[in-house]
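The lines below spell out each chain.
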Amino acid sequence: MKGRKLRRGRLALAVLLVAAAALVAALAATAASASKQDTITLTIDVFGDFGYHDLYTQYEASHPGITIKEDTEDYAPHHTALAQHLATGAGADDIEAIEVGFIALYTDQPQNFVDLRQYGASDLKARYPAWKWDQAVAKTGSVIGLGTDVGSLGICYRKDLFQKAGLPTNPAVLSKMWSTWSKFFAVGKQFQAHAPKGVKFIDSGSNLYNAIIGQANPAYYSPSGNVIAATNPKVKAAWNQTMVAYGSGLDLGLSAFSNDWNTGFKKGTFATVTCPAWMMGYIQGQAPATKGKWNIALVPGGGGNWGGSFLTVTKQSQHPAEAADLVKFLTSPASELYVFQHTGNLPSEIPVLKSKAVQNFRNPFFSNAPVGKIFATSALALKPQILGPHQGDIQTAATNAIQRVEQKKQSPSASWNQFLKDVGDVSG
Amino acid sequence: MTSLDVPQRRSHRAVARRFDTAGPLTYVFLIVVTIVSLFPLYWSLVVASHTNDAVYAYPPKLLPGSNLFHNIHRLFNSGEVNVDFTKALINSAIVASVVTVSVVFFSALAGFAFAKLEFRGRTLLFVLVLATLFVPVQLGLIPLYIEMIHFHWLNNIRAVIAPNLVTAFGVFLMRQYIVGAVPNELIAAARVDGCSTWRVFWHVVVPAVRPVAAVLGLLTFMNTWNDFLWPYIVLNARNPTVQVAISDIATVAYVPDYSLILTGCFVSILPLLVVFLLLGRQIIGGIMQGAIKG
Amino acid sequence: MIPGPTLDGRTGAAAAAPRRGRMMAWRRLDPKVSPYLYIAPFFFIFGVFGLFPLGYTAWVSLTDRNLLNPAANFIGLHNYALLIHDSYFWNAVENTFGIWVLSTVPQLCLALLIAHVLNAQMRVRMFFRMSVLLPQVTSLVAVALIFTQMFGHQYGFVNYLLGLVGIHHVYWEAGRLTSWIALSVMVTWRWTGYNALLYLAAMQSIPWDLYEAAAVDGARRWRQFIHVTVPMLRPTIIFTVIISTIGGLQLFTEPYLFQPRTSGGTGGSARQYQTIVMYLYEKFLGSTQFKFGYAAAIAWCLVLLIAVFALVNYLVVGRIRKAEP
Numbered sequence: 001m002k003g004r005k006l007r008r009g010r011l012a013l014a015v016l017l018v019a020a021a022a023l024v025a026a027l028a029a030t031a032a033s034a035s036k037q038d039t040i041t042l043t044i045d046v047f048g049d050f051g052y053h054d055l056y057t058q059y060e061a062s063h064p065g066i067t068i069k070e071d072t073e074d075y076a077p078h079h080t081a082l083a084q085h086l087a088t089g090a091g092a093d094d095i096e097a098i099e100v101g102f103i104a105l106y107t108d109q110p111q112n113f114v115d116l117r118q119y120g121a122s123d124l125k126a127r128y129p130a131w132k133w134d135q136a137v138a139k140t141g142s143v144i145g146l147g148t149d150v151g152s153l154g155i156c157y158r159k160d161l162f163q164k165a166g167l168p169t170n171p172a173v174l175s176k177m178w179s180t181w182s183k184f185f186a187v188g189k190q191f192q193a194h195a196p197k198g199v200k201f202i203d204s205g206s207n208l209y210n211a212i213i214g215q216a217n218p219a220y221y222s223p224s225g226n227v228i229a230a231t232n233p234k235v236k237a238a239w240n241q242t243m244v245a246y247g248s249g250l251d252l253g254l255s256a257f258s259n260d261w262n263t264g265f266k267k268g269t270f271a272t273v274t275c276p277a278w279m280m281g282y283i284q285g286q287a288p289a290t291k292g293k294w295n296i297a298l299v300p301g302g303g304g305n306w307g308g309s310f311l312t313v314t315k316q317s318q319h320p321a322e323a324a325d326l327v328k329f330l331t332s333p334a335s336e337l338y339v340f341q342h343t344g345n346l347p348s349e350i351p352v353l354k355s356k357a358v359q360n361f362r363n364p365f366f367s368n369a370p371v372g373k374i375f376a377t378s379a380l381a382l383k384p385q386i387l388g389p390h391q392g393d394i395q396t397a398a399t400n401a402i403q404r405v406e407q408k409k410q411s412p413s414a415s416w417n418q419f420l421k422d423v424g425d426v427s428g
Numbered sequence: 001m002t003s004l005d006v007p008q009r010r011s012h013r014a015v016a017r018r019f020d021t022a023g024p025l026t027y028v029f030l031i032v033v034t035i036v037s038l039f040p041l042y043w044s045l046v047v048a049s050h051t052n053d054a055v056y057a058y059p060p061k062l063l064p065g066s067n068l069f070h071n072i073h074r075l076f077n078s079g080e081v082n083v084d085f086t087k088a089l090i091n092s093a094i095v096a097s098v099v100t101v102s103v104v105f106f107s108a109l110a111g112f113a114f115a116k117l118e119f120r121g122r123t124l125l126f127v128l129v130l131a132t133l134f135v136p137v138q139l140g141l142i143p144l145y146i147e148m149i150h151f152h153w154l155n156n157i158r159a160v161i162a163p164n165l166v167t168a169f170g171v172f173l174m175r176q177y178i179v180g181a182v183p184n185e186l187i188a189a190a191r192v193d194g195c196s197t198w199r200v201f202w203h204v205v206v207p208a209v210r211p212v213a214a215v216l217g218l219l220t221f222m223n224t225w226n227d228f229l230w231p232y233i234v235l236n237a238r239n240p241t242v243q244v245a246i247s248d249i250a251t252v253a254y255v256p257d258y259s260l261i262l263t264g265c266f267v268s269i270l271p272l273l274v275v276f277l278l279l280g281r282q283i284i285g286g287i288m289q290g291a292i293k294g
Numbered sequence: 001m002i003p004g005p006t007l008d009g010r011t012g013a014a015a016a017a018p019r020r021g022r023m024m025a026w027r028r029l030d031p032k033v034s035p036y037l038y039i040a041p042f043f044f045i046f047g048v049f050g051l052f053p054l055g056y057t058a059w060v061s062l063t064d065r066n067l068l069n070p071a072a073n074f075i076g077l078h079n080y081a082l083l084i085h086d087s088y089f090w091n092a093v094e095n096t097f098g099i100w101v102l103s104t105v106p107q108l109c110l111a112l113l114i115a116h117v118l119n120a121q122m123r124v125r126m127f128f129r130m131s132v133l134l135p136q137v138t139s140l141v142a143v144a145l146i147f148t149q150m151f152g153h154q155y156g157f158v159n160y161l162l163g164l165v166g167i168h169h170v171y172w173e174a175g176r177l178t179s180w181i182a183l184s185v186m187v188t189w190r191w192t193g194y195n196a197l198l199y200l201a202a203m204q205s206i207p208w209d210l211y212e213a214a215a216v217d218g219a220r221r222w223r224q225f226i227h228v229t230v231p232m233l234r235p236t237i238i239f240t241v242i243i244s245t246i247g248g249l250q251l252f253t254e255p256y257l258f259q260p261r262t263s264g265g266t267g268g269s270a271r272q273y274q275t276i277v278m279y280l281y282e283k284f285l286g287s288t289q290f291k292f293g294y295a296a297a298i299a300w301c302l303v304l305l306i307a308v309f310a311l312v313n314y315l316v317v318g319r320i321r322k323a324e325p
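Residue numbers (our numbering), protein chains in the order written: chain D, 1 to 428; chain C, 1 to 294; chain X, 1 to 325.
If you're looking for bench data, these hints aren't it; they were derived computationally from the structure.
Glycine is no exception: its CB is placed at the ideal position from the N, C-alpha and C atoms.
Some hints here could point you the wrong way.
Claimed, not checked - Far from chain C, some chain X residues (derived; all Cβ distances over 12 Å):
| id | residue |
| --- | --- |
| 1 | L82 |
| 2 | I84 |
| 3 | W90 |
| 4 | L315 |
To be verified - Here are the simulated BS3-like cross-link-like pairs (lysine-lysine), alpha carbons at most 30 Å apart as the crow flies:
| id | chain 1 | residue 1 | chain 2 | residue 2 |
| --- | --- | --- | --- | --- |
| 5 | C | K61 | D | K69 |
| 6 | D | K267 | D | K197 |
| 7 | D | K267 | C | K87 |
Looking at chain D on its own, in the form it has when it is part of the complex (with noise of 0.2 Å):
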């Protein structure tokens, strides 16, 4: 019995000690981490792939006394913790990377950054397409962001599918053929007459959608900030569009980004994808064996903008001067150019749009396409685009949608009418 006892004492406090151990060394941990402040450490927060690492180490260089440190999540996340952080005045880093869909939320309360024209951003106006520069634009003047990349589109496509269903593979030859959508539908028409067992034209009905709203201007806003999807004729248009691409049996009806679709690139059950320049490195990434078999032609309508991002100063940053050099850098052309030489996230500055090296820039992934020259064009031809708050609820809102339609859940009409009134709540 004393045995048992002294044993379970000896457990006890066995137990204790590790715990107070631990405890000692989570407390001594802590404590180390504050100990180095010699050097500035510059913090800067995306998501997905910038493709900043090698411009990082290059800045290090030329700067002793600055690190960089990176953090990355996923897209949703990303801007969920942003707001949190914005919201409770502390977690953000230094430089917060916001895209197109949320630019127009934080241009509203521009409180919460820095204003870049503090630090000579004015001079970097005319680098950009005006409705580029105008979206990290607050109403009061305030610039809180330099532009990255943007998402201008064209169309990717499986040259040996329309091989097998007897279309013609020659980009040029094809962007003439679909100039306008309805001449795109009549394509993806003579294509399914003939095209292999179970491939379908078009991959998803949101992603074909968010490619014809990306052309609309106005989309969803006025330029006063009225929220106009309910009446503007161009919102319409795009969702008829795409019904009448389901209904013509056009459309597989995948759920972008879901597993499926990722697991279509590698089967080949579509043939065409509509393709902001960063989808090309999605496609890349998804299916490497498809290398050579994809090539790029112009989008039906010209021009289109879908995607983009922009590169911001918190106000709770500790190095704002420091900090906002560092976005200079990472924006200036020479780093667009190599980031989009590298990862192919498209310049967002004119004179790296014209330059040779770009417009000359072809990807063998895409049988060599001249993919600098044609998303290039089609950003410079880009009227603007206004944005509102709720761009991205509207947005899910839609998506939502067509997959209802697509699921087979409801009719287009019955769908459309709950779209109207999700695009009312949202926005109340």
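Position chains C and X relative to chain D; hints supplied.
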């Protein structure tokens, strides 16, 4: 000390023969349950031991490949995955250990008080404990985050340890268990022997709650180890726990490398299995206790 | 208790007298004070880390606070009034209860059965007990990945198996009932072992002579289970039912991770599996609405729902015959 130690092996074995031996049907049932429990884990090992392509293979790949050690090497190579996985493992170990010991001890204490001690307001206070479980954790995140800012605990593992030091779940569990498992006569006898409340706790209650203490310890350790949302919010990639680190691996490139992510998941499970083995024996030990206590 | 020397060196009867005095004082206080001392740690931690968030969200629910904008107006119970007419809220309530029924009832019955089976003498008992708990060990990232793959529409493993018996291409994520089933499978898979182990631990404290007495009365395994095990397990069963009620009504992570990436927190294109906490999260952090006040009102409605439902379940389960003393 008292009747706890009186061996009743004879009756135990007698009952055991009649009642306890498992028939073949039992084994079949358990094997099915085991396969179902293990399969997702097994399949994640399969994916982890191939390259990323394996996730989307159809028909699905079912046998492990040879890539596991290569992936493990990539995992701990901070340059590639942008996060210090070793540090994450250490952080999680510290957090989970401290929280587990604290929860088990303080829950036993409070559970004992609610179960066996008489005091004013006992019912009301216990209902209050229960009520704290009702509030969903998601909404409290922002105000809790604000508190952490005030304490200067952002990106510090103290922020992940402190709020979890005692849980209503633990108190509730201990109370329910002690109500049934500790006979009032035993406590009365101890009191008669002149034991103070502390001695009653330490010498009567603590031995009796060993099985549930082991279970609570195991569950608390696992839940703390697997806790994602709060650490994700209050820590960052520079001082992560293991779940935060895994989710950071998931976002390193445009296209997530699932084989690497699942390698991270797999490696993070190994310490848990160690804890299993340690505490599992306690649960077995409980059988003897229960047998003897008759 | 043999008294030793006091701190100031006195021994023997001289030392004993004042100590005895202190001991007597403590003896009187001990039964009165100790209980409060023992529950104090919980209330202290809760007071610091639980009370402030609670109070804060209660206050916020009475305002129209937007997360990004510190200025807010007091609007009384207006948020709650809006909630009552919010069809998406009631949709979430329906989803939550539906998934709860599908996942909790089978789960607890299965857990009880598994615990009973594991209680028996057998070989490799340790291995079976460990494997039953392995789902808890698997990290949520892995669980989400695996189950989303398994219940995929075109290439999922479950559909592959079903295809072998002639059932083709169930679109799990898209349908209402099918998504509920998929989620229930996920939740049941994850939590059954947990509950089984709780029951098992409680079974350890059931004295053998009760089983012996029942066996002598002619009861076989099943009747012993019904008449001895279950009544003795009553406090633990009540515990797991209440915890499952609370946890089930607060379900968030599993359905959240089940969504396709474009779903935006809506729980499927028609919100077919959006739970209450998902709706709360969408309103306050997961979209661009940032309606903090409204979300706080949702949270408090949920608290009310949980309290009521837990009480109902408690009354239902409480009808288990109490164990004979």
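Outcome of the hint check:
1. With a least beta-carbon separation of about 17 Å from chain C, L82(X) lies farther than 12 Å from that chain, consistent with its non-interface assignment.
2. The claim that I84(X) lies off the interface holds: its Cβ sits roughly 19 Å from the closest Cβ of chain C, which is beyond the 12 Å cut-off.
3. Annotated as non-interface, W90(X) keeps its C-beta farther than 12 Å from every C-beta of chain C; the closest such distance is 18 Å.
4. Against chain C, the non-interface label of L315(X) holds: every CB pair exceeds 12 Å, the least being about 15 Å.
5. A hinted pair counts as satisfied when its Cα atoms are at most 30 Å apart, and K61(C) with K69(D) does not qualify at roughly 38 Å.
6. A C-alpha spacing of about 12 Å is found between K267(D) and K197(D), which places the hinted pair at or below 30 Å, so the restraint holds.
7. With a CA separation close to 40 Å, the supplied pair K267(D) and K87(C) exceeds the 30 Å bound.
Hints 5, 7 from the list above are not met by this structure, while the remaining hints are.
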